[in-house]
Amino acid sequence: MSRKDFSLKTEDENEIVEAIRTAEKSTSGEIRVHLEKTAGSQDIFERAMEVFHQLKMDNTKEENGVLIYVATEDRNFVIYGDKGINDKVEDDFWESTKDVILNHFKKGDFKQGLVDGILMAGEQLKRHFPWQEDDENELSDQISRG
Numbered sequence: 039m040s041r042k043d044f045s046l047k048t049e050d051e052n053e054i055v056e057a058i059r060t061a062e063k064s065t066s067g068e069i070r071v072h073l074e075k076t077a078g079s080q081d082i083f084e085r086a087m088e089v090f091h092q093l094k095m096d097n098t099k100e101e102n103g104v105l106i107y108v109a110t111e112d113r114n115f116v117i118y119g120d121k122g123i124n125d126k127v128e129d130d131f132w133e134s135t136k137d138v139i140l141n142h143f144k145k146g147d148f149k150q151g152l153v154d155g156i157l158m159a160g161e162q163l164k165r166h167f168p169w170q171e172d173d174e175n176e177l178s179d180q181i182s183r184g
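So the sequence shown is numbered by the numbering used here: it starts at 39 and just counts up by one.
I should point out that these hints are in silico values taken from the structure, not numbers from a laboratory. All the pointers check out, no bait thrown in.
Simulated DEER-style distance windows between Cβ atoms:
hint, residue 1, residue 2, range
1, Arg59, Ser79, 28 to 38 Å
2, Glu171, Asp81, 33 to 43 Å
3, Glu111, Gln170, 38 to 48 Å
4, Lys47, Ser178, 13 to 23 Å
5, Ser79, Glu171, 40 to 50 Å
6, Ser79, Gln170, 35 to 45 Å
7, Glu51, Lys144, 15 to 25 Å
8, Thr76, Asp172, 39 to 49 Å
9, Pro168, Gln80, 30 to 40 Å
In the DSBU-like style, the derived pairs of lysine-lysine whose C-alpha atoms are separated by at most 35 Å in a straight line are:
hint, residue 1, residue 2
10, Lys136, Lys121
11, Lys145, Lys47
12, Lys136, Lys149
13, Lys126, Lys164
14, Lys164, Lys63
15, Lys63, Lys94
16, Lys75, Lys121
17, Lys145, Lys75
18, Lys149, Lys47
19, Lys121, Lys47
20, Lys75, Lys126
21, Lys164, Lys144
22, Lys126, Lys149
23, Lys94, Lys164
24, Lys99, Lys136
25, Lys126, Lys144
26, Lys145, Lys164
27, Lys144, Lys75
28, Lys99, Lys149
29, Lys75, Lys63
Glycine included, C-beta positions come from ideal geometry on N, C-alpha and C.
Use the sequences and the hints to build the structure in full.
And the structure:
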């Protein structure tokens with residue numbers, strides 16, 4: 039990520055939550071954003087996996103949760119999809135989504151990076167896990183913090 043400080047205003051956070059709601063509107067998939075200062079001494083991917091579990095994202099019915107984990111002071115992030123979605127998307131999907139997010143982060147536009155990443159994940163979730171009449175929002179849409 040860039041040398042700029044990662045910060046989100048309240049209205050930025052509201053737009054991110056709205057992007058999650060929009061992305062989830064036509065899918066059974068679940069998207070979460072988790073922010074914390076640092077992954078600490080852990081590898082960032084391992085920390086993201088731990089958060090994925092803590093947020094109970096591995097308990098979705100169709101294994102189609104997507105986590106965008108950001109360690110703000112480390113200036114690093116991970117986008118992680120559960121087995122159900124990971125088995126269905128193209129091999130380069132996560133890398134291309136990460137690139138879109140990173141391009142915005144490098145410019146200091148953290149909100150837009152998260153919004154675009156969320157909407158890209160939502161499109162894939164919609165394609166592979168379209169909303170069914172009995173679907174319910176299984177997880178909170180709010181940004182979580184560590």
